[in-house]
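Those protein sequence lines, which keep their order, are chains A and B.
41 is the number of the first residue of the first sequence in our numbering; add one for each residue after it.
41 is the number of the first residue of the second sequence in our numbering; add one for each residue after it.
Think of the hints as simulated: they come from the structure by calculation, not from any bench.
Be aware that one or more of the hints could be misleading.
If several chains are the same, the list does not tell them apart, and a pair holds so long as it fits within one copy or across any two.
Below, a list of computed lysine-lysine pairs in the BS3-like style, where the Cα atoms sit at most 25 Å apart [claimed, not checked]: (1) K210 <-> K69; (2) K87 <-> K69; (3) K172 <-> K317; (4) K210 <-> K133; (5) K172 <-> K313; (6) K210 <-> K45; (7) K67 <-> K313; (8) K179 <-> K210; (9) K210 <-> K67; (10) K87 <-> K317; (11) K179 <-> K133; (12) K87 <-> K172; (13) K317 <-> K133.
2 protein chains.
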Amino acid sequence: MNMAKLFDTVTIIGVGLLGASLGLALKQKALAGTVRGVGRRRPSLDKALEIGAIDEAYLEVAEAATGADLIVICTPAAAVPQVLDAVRPVCGKSAVVTDVASTKAVLCAHAKQSWAEPYRFVGSHPMAGSEKFGPEHAKAELYSGSVCFVEQFNGHAEEAHTAVMDLWEKVGARVVQVEPEMHDAMVAKTSHVPHIVASALSQLIENGGAEGAPFIGSGFIDTTRVAEGRPEIWRDICLTNPEAIETNLSEVIRLLREAADAVTRLDGPQLEKFFRKGRDARLRALER
Amino acid sequence: MNMAKLFDTVTIIGVGLLGASLGLALKQKALAGTVRGVGRRRPSLDKALEIGAIDEAYLEVAEAATGADLIVICTPAAAVPQVLDAVRPVCGKSAVVTDVASTKAVLCAHAKQSWAEPYRFVGSHPMAGSEKFGPEHAKAELYSGSVCFVEQFNGHAEEAHTAVMDLWEKVGARVVQVEPEMHDAMVAKTSHVPHIVASALSQLIENGGAEGAPFIGSGFIDTTRVAEGRPEIWRDICLTNPEAIETNLSEVIRLLREAADAVTRLDGPQLEKFFRKGRDARLRALER
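Turn these sequences into a full structure, and let the hints guide you.
This is how it looks when you write it as structure tokens:
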């Protein structure tokens, strides 16, 4: 597809799966002139250069952000505020800044508080990761057909807000504008708490090996798949969305305690009701 | 494939996904002369007849079991003991009896206690179901490549034990012999508790619809898939494996409480450790 160039110079801070895939998409669709990549470790930067996700490699955020038209922060969530603080003093008056973290309220509030209005950071959350990570799994089509949440207009520079929505649409995502607190409350239910629960379920299996292997079926495999995600990413998600996670985790614990009590009482009708509620809720959630 | 006939007359009690699929496999591989199906509802029996899973339809267990060489009980788990009691007085001295329930200790103990040795019930658990159900989803290949647990030899008539292992191998399963209590302890961890947890997670989503839809990603879909299973089946599993389910459900609740406390304290190192333990345990469980 032939598209107009959106940005002369793009700086991607963090060249993992999301950052490197974005670089690949920008290059392959000719949406950017030069793509700069920032990393803390040389091997990741070399890999990103090798696959063509970035044109230039940097170890310093400030150096890489200077003169860039678009800066995309692709670090774990808890690092975003400090990276923003490093970017703000060096980025130009027309620069646009966004991120890809799975939590939005804390990060967007930090940007708003630390930046004079109209401010140029517009938070994003592309729902396009997986339990895989690192530039070696990057692909230009990662965002194609995915949903990307973009922070609702709220004192931003209007052209920055438009540019961020353009960016995600041009790499194939469907943009959904959302208020950060509402976003965090919803993803706590659909992603963050399910992840914590999948991790706890995995921990039930103390020993793998030949003895346990026949008991591992598709149910266990699917239910726990996300538990293979990177611990640092999920630690940061918890640290930046604690209230919604606590609320929903407490509700899950309450429901499980209720189910455990029904098992103890051998209460058939109550157990059937429990499973029926779960089935009906899932069918509704998937609009079936 | 051309195979020798294993049984002249087979009676399948319960013509749902597992029962009808077994009937189809027995017919298509010419492993059985006549397959009788027993159901409580006429439409299921008609469907099973229509797809060729059974040759004859019955509403009465005793009538269908009389004169059969193999009787396979494919009802929900909690109904197995009473079906066994209905089968025992009418089945011939050379008849072989098995089941397909996901719990084994309670059912195998009932058979052993109610039957003079050498007894002819050999418990089975083919790990081949899914959240789909009913004869309309039956397929002859359902068991192909799956694991089927068969109760360890324990006072059975030897030829009955051999016949049940033959049955599952001939329809394509890999037989794993197991002691019933050990079986139930393991599947509580890998299947029963994950199912209860998936149901609780689904219940977090009160409302589906357009507003919630963009937040449903592949993580939620996989983590909760099994929650669409039949409530009656899972109620019965809980009623027939209460101790192992309670123990492991309590452990999951303890782990989730620990995680929730770490979120409250914003304890990054503890959260990272939690997710790392989950990831490592899953990698080990899958022998990667």
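Cross-check of the supplied hints:
{"no.": "1", "hint": "K210 <-> K69", "in the structure": "within (8 Å within a copy, 54 Å between copies)"}
{"no.": "2", "hint": "K87 <-> K69", "in the structure": "within (20 Å within a copy, 53 Å between copies)"}
{"no.": "3", "hint": "K172 <-> K317", "in the structure": "between (32 Å within a copy, 17 Å between copies)"}
{"no.": "4", "hint": "K210 <-> K133", "in the structure": "within (24 Å within a copy, 73 Å between copies)"}
{"no.": "5", "hint": "K172 <-> K313", "in the structure": "between (37 Å within a copy, 19 Å between copies)"}
{"no.": "6", "hint": "K210 <-> K45", "in the structure": "within (10 Å within a copy, 62 Å between copies)"}
{"no.": "7", "hint": "K67 <-> K313", "in the structure": "neither (53 Å within a copy, 37 Å between copies)"}
{"no.": "8", "hint": "K179 <-> K210", "in the structure": "within (15 Å within a copy, 44 Å between copies)"}
{"no.": "9", "hint": "K210 <-> K67", "in the structure": "within (12 Å within a copy, 55 Å between copies)"}
{"no.": "10", "hint": "K87 <-> K317", "in the structure": "neither (47 Å within a copy, 28 Å between copies)"}
{"no.": "11", "hint": "K179 <-> K133", "in the structure": "neither (32 Å within a copy, 64 Å between copies)"}
{"no.": "12", "hint": "K87 <-> K172", "in the structure": "within (16 Å within a copy, 43 Å between copies)"}
{"no.": "13", "hint": "K317 <-> K133", "in the structure": "neither (53 Å within a copy, 45 Å between copies)"}
Of the hints listed earlier, those the structure fails to meet are numbers 7, 10, 11, 13, in rising order.
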